[in-house]
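J.: Chains as they are written, first to last, in full-length UniProt numbering: chain A, 1 to 106; chain B, 1 to 136.
Read the hints as simulated data drawn from the structure, not as lab findings.
Mixed in with the good hints, there may be bad ones.
Claimed, not checked - Which chain A residues stay away from chain B? Per the calculated CB distances, all over 10 Å, these:
id: 1; residue: Glu5
id: 2; residue: Ser9
id: 3; residue: Ala20
id: 4; residue: Gly45
id: 5; residue: Ser52
id: 6; residue: Asp92
Stated by the list, open to error - Computed, partial: chain A to chain B, Cβ under 7 Å:
id: 7; residue: Arg21
id: 8; residue: Ile53
id: 9; residue: Val54
Note that the Cβ used here is the ideal one computed from N, Cα and C, for glycine as well.
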Amino acid sequence: MAEQESTASVLLTHEVGLHARPSVKLTKLAKTYSSDIALATAEGGPWIDAKSIVRVMAAKAPQGTVLHFRASGPDADAALAALVSLVKRDFDEAGVHVSERSHAGD
Amino acid sequence: MSASASPSANVGIVIVSHSPDVARGTAEMVRQMVGDEVPLAFCGGNPDGGLGTSVEAILGAIDRAWSEKGVAILVDLGGAETNSEMAIEMQPEERAGRIVVCNAPIVEGAVIAATEASGGASLDIVRRTAEELSPA
Numbered sequence: 001m002a003e004q005e006s007t008a009s010v011l012l013t014h015e016v017g018l019h020a021r022p023s024v025k026l027t028k029l030a031k032t033y034s035s036d037i038a039l040a041t042a043e044g045g046p047w048i049d050a051k052s053i054v055r056v057m058a059a060k061a062p063q064g065t066v067l068h069f070r071a072s073g074p075d076a077d078a079a080l081a082a083l084v085s086l087v088k089r090d091f092d093e094a095g096v097h098v099s100e101r102s103h104a105g106d
Numbered sequence: 001m002s003a004s005a006s007p008s009a010n011v012g013i014v015i016v017s018h019s020p021d022v023a024r025g026t027a028e029m030v031r032q033m034v035g036d037e038v039p040l041a042f043c044g045g046n047p048d049g050g051l052g053t054s055v056e057a058i059l060g061a062i063d064r065a066w067s068e069k070g071v072a073i074l075v076d077l078g079g080a081e082t083n084s085e086m087a088i089e090m091q092p093e094e095r096a097g098r099i100v101v102c103n104a105p106i107v108e109g110a111v112i113a114a115t116e117a118s119g120g121a122s123l124d125i126v127r128r129t130a131e132e133l134s135p136a
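Bound-form chain A, shown alone:
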């Protein structure tokens, strides 16, 4: 079976970063693909399992981080395209996190 490894990176523009809700969305999306998917907040790693909600939340990537993905498996390219798109869309959260932001200034 031909295993392909693919990589992609995307700038995290979401203003509170990879906090709880985006982490859940990212992990849930990653889980819908059968490929192994890893995520890192720096090009050289460390790489974490993008399907592990605990690890992704613990990464605490702030706004402005470049997220690096690498995937291997039959649907690696589709998985990366979907994940990059999710991050670019700010996790479909525009306007949702207003209340969290107002607390951040305390």
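Using the hints, position chain B against chain A.
T.: Leaving out everything else, chain B in the frame of chain A:
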């Protein structure tokens, strides 16, 4: 009129708090952050409306969240755990081994367990993922 909703392919989540507000709020976070793919039920407070937990209410919550893949229970303090264990012991034999109490913080554990469950993970994986939180 037990779980006549469509049989779920995902592990169910039960939230047991001493406070009805904590239980409801935790369930709300799970619904908003994770979604509807996971059977979810909660209970909190004693029958008199005060703080506490009741085996009766926990039994009802387990029935509402029941899934053939099992149910993971998230609890807050002492009595919530012992009453949940009592409720597990009272289950019919065919559910044996398919209901567990997770050793994890109630809010974070519920969100994480539900996230894991929504991807179709087994009960054991759901529990272990929620419990990964604790030592960190």
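J.: Checking each numbered hint in turn, tell me which of them this model violates, lowest number first.
T.: As far as the earlier hints go, 3, 5 are violated by this structure, in ascending order.
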